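S.K.: Work out the full structure: start from the sequences and follow the hints.
Line order of the protein sequences matches chains A and B.
Per this note's numbering, residue 1285 is the first one in the first sequence, and the count goes up by one each step.
Per this note's numbering, residue 1285 is the first one in the second sequence, and the count goes up by one each step.
Some clues are possibly wrong.
It does not matter which identical chain is used: a pair holds within one copy or between any two.
[As the list claims (entries may be wrong)] Computed list of lysine-lysine pairs in DSSO-like fashion (alpha-carbon distance at most 30 angstroms, straight line):
#1 Lys1519 with Lys1315
#2 Lys1570 with Lys1611
#3 Lys1308 with Lys1519
#4 Lys1611 with Lys1315
Hint data in this document are derived by calculation from the structure and do not stem from the laboratory.
Small disclaimer: the values here were computed from a predicted structure and weren't measured.
Protein chains: 2
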Amino acid sequence: MTQKLAFIGFGVVGQGLAEILRDKAEQLHEKWGFAAKVVAISDPIKGALYHPDGLDISTVLDVIKQTGRLDDYPDTFGLIRGWNSLQTIRESNADTIVEVTFTDVKTGQPAIDHCRAAFTSGKNVVMSNKGPVALAYEELSALAKENGVRWGFEGTVMSGTPSLRMPLVSLAGNDIREIRGIFNGTTNFILTQMEAGMTYEDALRLAQQLGYAEADPTNDVEGYDARYKVVILAKTIMNVPLTTEQVACEGISHLTRDDIESAKDQGKRWKLIGRVQKQGTGAVAKVSPELLPLTDPLAGVAGAVNAITYDCDLLGPITLIGAGAGKTETGFSLLIDLINIDRGHI
Amino acid sequence: MTQKLAFIGFGVVGQGLAEILRDKAEQLHEKWGFAAKVVAISDPIKGALYHPDGLDISTVLDVIKQTGRLDDYPDTFGLIRGWNSLQTIRESNADTIVEVTFTDVKTGQPAIDHCRAAFTSGKNVVMSNKGPVALAYEELSALAKENGVRWGFEGTVMSGTPSLRMPLVSLAGNDIREIRGIFNGTTNFILTQMEAGMTYEDALRLAQQLGYAEADPTNDVEGYDARYKVVILAKTIMNVPLTTEQVACEGISHLTRDDIESAKDQGKRWKLIGRVQKQGTGAVAKVSPELLPLTDPLAGVAGAVNAITYDCDLLGPITLIGAGAGKTETGFSLLIDLINIDRGHI
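M.R.: Below, the structure written as structure tokens:
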């Protein structure tokens, strides 16, 4: 069955998914029996299109590339323009909402409201916005269940690297007692550069030049981004409630070349580690720089890459290493949610 | 629904699964809704038991521990003794056959015949024997499909580390163009010891003392074990046919301390790498020692551990590191197949 999609927001991540759907439609259908069509796009700046029979995704991407907006998408019989996000979610014939708005991670809005509207309208949601999972996981997962729809958010932790689906599907049966990982590629890039001889300031500047770090790098370098991911992992993989306030957080901005060198002398390496450990019925968690021995698989992870180790009672430590960001990588995180909704799989 | 299991063979791996089922029954049921009962065990040396209402797994394990055989399992009304493997497969009321016989990997027997009998009797099979997948994948997967049953073999490549299920479920949508990995823990242990200063001969002797290597280590050190795993990965993940004869194979027994030291001087490390790469409609594959730069995630994998990197068109390289052997780990590989059969998942 062709899954009908409505994109709410159409920035880099949404376009990343749209490009995959355009470029790989045939392969997805042949190899995985997956088919999707985009029936709506609603973006507060770029404009909005809805056609119950589907939009032409190549034309959409061309028009966006040329004008930055959707206005020049050609008129066709039945095309509706100008629907806002909530109207699109409620009134379109989409099966699944691709929620890729610019969302304030501190409030989770507007993505939380979009999830509520979608679930109560009987529509699935896939998204990579962290806020709704970190802040409203219990409410929203219950609401999705109640309405018999699915909520996919693989991309919230390590982009398309399957840090959520892999343990849920493939490590089921293990008691996962601890999870720890490198959840922020920007800081890992900076630490790798510092090991190669740069100062913190120079490494940060390079990260900004390469587009890994934002002009205000606080969210990355102080560990706040990693903290959200730790909370999401605690809730979804360990099934323990945890708020961001409960996660002690220390970043890397105070680390000096001396710290890096003295670690080297000890045969160790500084990494910004997010860590959550089960304790009784709850969990303790923190984000902080840790001195890892070089034998730790996380110690070898270099550059703007993410990695995670699950400590399993039956299997022992299982480590997954891969991209933690990127247009295509995060676009894929939405695709894998769509594919597994289609399969009726986790 | 409680899944009824018949164990064909009851050595280390089978007992590993039985112990998990005994020790974690309650948690498996509460957290994953999974329940199983063992209705039959048939082992050519230890004896055979069948009871359609189920055997008491604790008693079975106690009796085996004390006597090495099943004869002392107490008589109960309805208990049948002495059925051979094929009779157990065909005539028991099991839903799923746990195929854990001692199987010759070169012929795949008796496991291949057991799979055929199970599928044509409408029973699922889970197993960790490599032979049937390496030698008869096309026939057996078609036969399982035709009979509407499932065939799980997660444990054939990296024991319980989900080297097969992870890509099939969580990387679907990617074209995986190349797979490479450390598929043999024994040789990786030897190479790690050689880096720490041992000769090949001493490292091998230590591996034998620790039970990692067999008295005749040929299968591990010449790369034959890794070669089977490469063939299984090519067939199941890349969907390309490949025979073991088509995989060039070179082991580590010729590597000297000098080779290891000269690699160190170049900032590199020797690893026994299995590699398969798509080429046209087929694939090229080999097993050989490779000099890896230390920045490669596989270079950092130390000791008796396995690791695999999937080169994905959308996601880039994804690496998974974990156990490649062990009683509980391989027992878990069977459990995760059972759990996902129960869920109706891949």
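S.K.: A separate judgement is required for each hint: does it hold in the structure or not?
M.R.: Going down the list of hints, with the structure as the test:
{"no.": "1", "hint": "Lys1519 with Lys1315", "verdict": "between (33 angstroms within a copy, 14 angstroms between copies)"}
{"no.": "2", "hint": "Lys1570 with Lys1611", "verdict": "within (28 angstroms within a copy, 33 angstroms between copies)"}
{"no.": "3", "hint": "Lys1308 with Lys1519", "verdict": "between (33 angstroms within a copy, 22 angstroms between copies)"}
{"no.": "4", "hint": "Lys1611 with Lys1315", "verdict": "within (23 angstroms within a copy, 35 angstroms between copies)"}
When held up to the earlier numbered hints, the structure conflicts with none and fits them all.
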